[in-house]
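2 protein chains.
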Amino acid sequence: MQKFMISEADFTNRTLSPDLIYQCVKVLRYKINDEFIVGLNNKNYLVVIRNITDKTLIYEIKEELNIDTELDVFVTIIQGYPKGDKFEDIIKHGTQLGAAAFVPCLMKRSQFKIDEKRMNNKIERFKKIAREASEQSFRNQIPDVLPFITLNKIDLYSFDLIFVCYEEEAKHNNIKGLKETIRCLPKGAKIAFIIGPEGGIDESEIIYLKQFNNIKFISLGKRILRTEIASLYALSTISYERELE
Amino acid sequence: MQKFMISEADFTNRTLSPDLIYQCVKVLRYKINDEFIVGLNNKNYLVVIRNITDKTLIYEIKEELNIDTELDVFVTIIQGYPKGDKFEDIIKHGTQLGAAAFVPCLMKRSQFKIDEKRMNNKIERFKKIAREASEQSFRNQIPDVLPFITLNKIDLYSFDLIFVCYEEEAKHNNIKGLKETIRCLPKGAKIAFIIGPEGGIDESEIIYLKQFNNIKFISLGKRILRTEIASLYALSTISYERELE
Numbered sequence: 001m002q003k004f005m006i007s008e009a010d011f012t013n014r015t016l017s018p019d020l021i022y023q024c025v026k027v028l029r030y031k032i033n034d035e036f037i038v039g040l041n042n043k044n045y046l047v048v049i050r051n052i053t054d055k056t057l058i059y060e061i062k063e064e065l066n067i068d069t070e071l072d073v074f075v076t077i078i079q080g081y082p083k084g085d086k087f088e089d090i091i092k093h094g095t096q097l098g099a100a101a102f103v104p105c106l107m108k109r110s111q112f113k114i115d116e117k118r119m120n121n122k123i124e125r126f127k128k129i130a131r132e133a134s135e136q137s138f139r140n141q142i143p144d145v146l147p148f149i150t151l152n153k154i155d156l157y158s159f160d161l162i163f164v165c166y167e168e169e170a171k172h173n174n175i176k177g178l179k180e181t182i183r184c185l186p187k188g189a190k191i192a193f194i195i196g197p198e199g200g201i202d203e204s205e206i207i208y209l210k211q212f213n214n215i216k217f218i219s220l221g222k223r224i225l226r227t228e229i230a231s232l233y234a235l236s237t238i239s240y241e242r243e244l245e
Numbered sequence: 001m002q003k004f005m006i007s008e009a010d011f012t013n014r015t016l017s018p019d020l021i022y023q024c025v026k027v028l029r030y031k032i033n034d035e036f037i038v039g040l041n042n043k044n045y046l047v048v049i050r051n052i053t054d055k056t057l058i059y060e061i062k063e064e065l066n067i068d069t070e071l072d073v074f075v076t077i078i079q080g081y082p083k084g085d086k087f088e089d090i091i092k093h094g095t096q097l098g099a100a101a102f103v104p105c106l107m108k109r110s111q112f113k114i115d116e117k118r119m120n121n122k123i124e125r126f127k128k129i130a131r132e133a134s135e136q137s138f139r140n141q142i143p144d145v146l147p148f149i150t151l152n153k154i155d156l157y158s159f160d161l162i163f164v165c166y167e168e169e170a171k172h173n174n175i176k177g178l179k180e181t182i183r184c185l186p187k188g189a190k191i192a193f194i195i196g197p198e199g200g201i202d203e204s205e206i207i208y209l210k211q212f213n214n215i216k217f218i219s220l221g222k223r224i225l226r227t228e229i230a231s232l233y234a235l236s237t238i239s240y241e242r243e244l245e
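If you read the protein sequences in the order shown, they are chains A and B. First residue of the first sequence? That's 1 in the working numbering, and the numbers climb one at a time after it. First residue of the second sequence? That's 1 in the working numbering, and the numbers climb one at a time after it.
It is worth saying that the hints were derived from the structure and are not from the lab. All values reported here derive from a predicted model rather than from experimental measurement. Misleading hints may appear alongside valid ones.
[To be verified] PhoX-like, lysine-lysine: derived pairs with alpha carbons at most 20 Å apart:
1. Lys190/B with Lys86/A
2. Lys92/B with Lys92/A
3. Lys86/B with Lys92/A
4. Lys92/B with Lys153/B
Generate coordinates for the entire structure from the input sequences, incorporating the hints supplied.
Below, the structure written as structure tokens:
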């Protein structure tokens, strides 16, 4: 069953945005009486199409659905901005795994040269990817994608706890800490993972981070993970520890 | 430090294969006295270059290194063969996360049409990807990539335990079992995850799998995961449960 995340206004009018109508008509080839799910404000409704033309679509609500797909803690991925399109994959995959927000962080070793206008376009594109991935994975919330920011501009004390994935720990087999801490997090806790770009977190950034007392350095297993995999590991373990039993 | 997985013969002759020599000379631009790591048979050696030309390279062993990067259980990913290049990403990422083997499984819902010759070429390519990912993540073992196979031809009793990731479980929030079982696996256990292609595992395949008493149906968290993410979730949780403390 297809799910669409929609706006309050479209919900009030029992319709969809023009691009979603296009998708229903041209891609999914919906007809009258076809059903889909709309999601807004953490709620989900099964709806049935009552009227559909090339440019308009009106549905009726059949029932509210009880779909619980959110992690019970808010996980922000502070990702050292990586090369190429990797950040798009990180959003796509991280959304499926329950992330609450993504921060494209311009770290020392991020190789990044684009102007402000293209940055804004990129953020719009990232937000669209987050919305589509949310729909596909039946998320109730669309993860937020924050603007590009340098590490020192992030308000790190806005998080209850921050895990810093520092690959030197992995190299020296110094493995500790993540597990017990995740288990004991209170429901609704705001946590973050800081993940370096290719080449890792710079030593000067590690020194900076060590000032904060809500920071915990962790390792993500015995192997060297590429930057685009680290957030997936982190989010999988949060789901595993807190959702499965 | 660069690591290369090499053959017994090249190790005996203190050299590398022609393609690795090319990489050392042309890509990495190594000179005499440069160092790298060679790996074979679960062992790792720091070596130093004693002689290098455009086509030849001779090194000397400096020391054996104690690098332990293997999971303590053998995890085989039986992956319903997915569309496009996704299987390559599954190998690349799964190798970083410690998989022991990958099986491209032609399941009911795999959309796959290539002839035998191209299949063999693909397996060669998959093996190369596994080797490179092993080197990058300092693995001691190169994961095996098995030939294309249908589900009913796999000897499922060759595994101690098989987890079947069945998305219907996730949809109905029926979450159970994975955690305790992973914790209790004996060291060296041979386990597998069976993951459906796009569209999931077919009901007839589920009926077939239910005959085996070494099979456990599991859910991978509360959200619908795309097929290319499921193995990453599975492997991350194995690492998390068994490697971190």
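Hints and how they fare:
1. Lys190/B with Lys86/A: 33 Å, violated
2. Lys92/B with Lys92/A: Given pair Lys92/B, Lys92/A holds - Cα atoms ~18 Å apart, limit 20 Å.
3. Lys86/B with Lys92/A: 14 Å, holds
4. Lys92/B with Lys153/B: With Cα atoms ~25 Å apart, Lys92/B and Lys153/B exceed 20 Å; violated.
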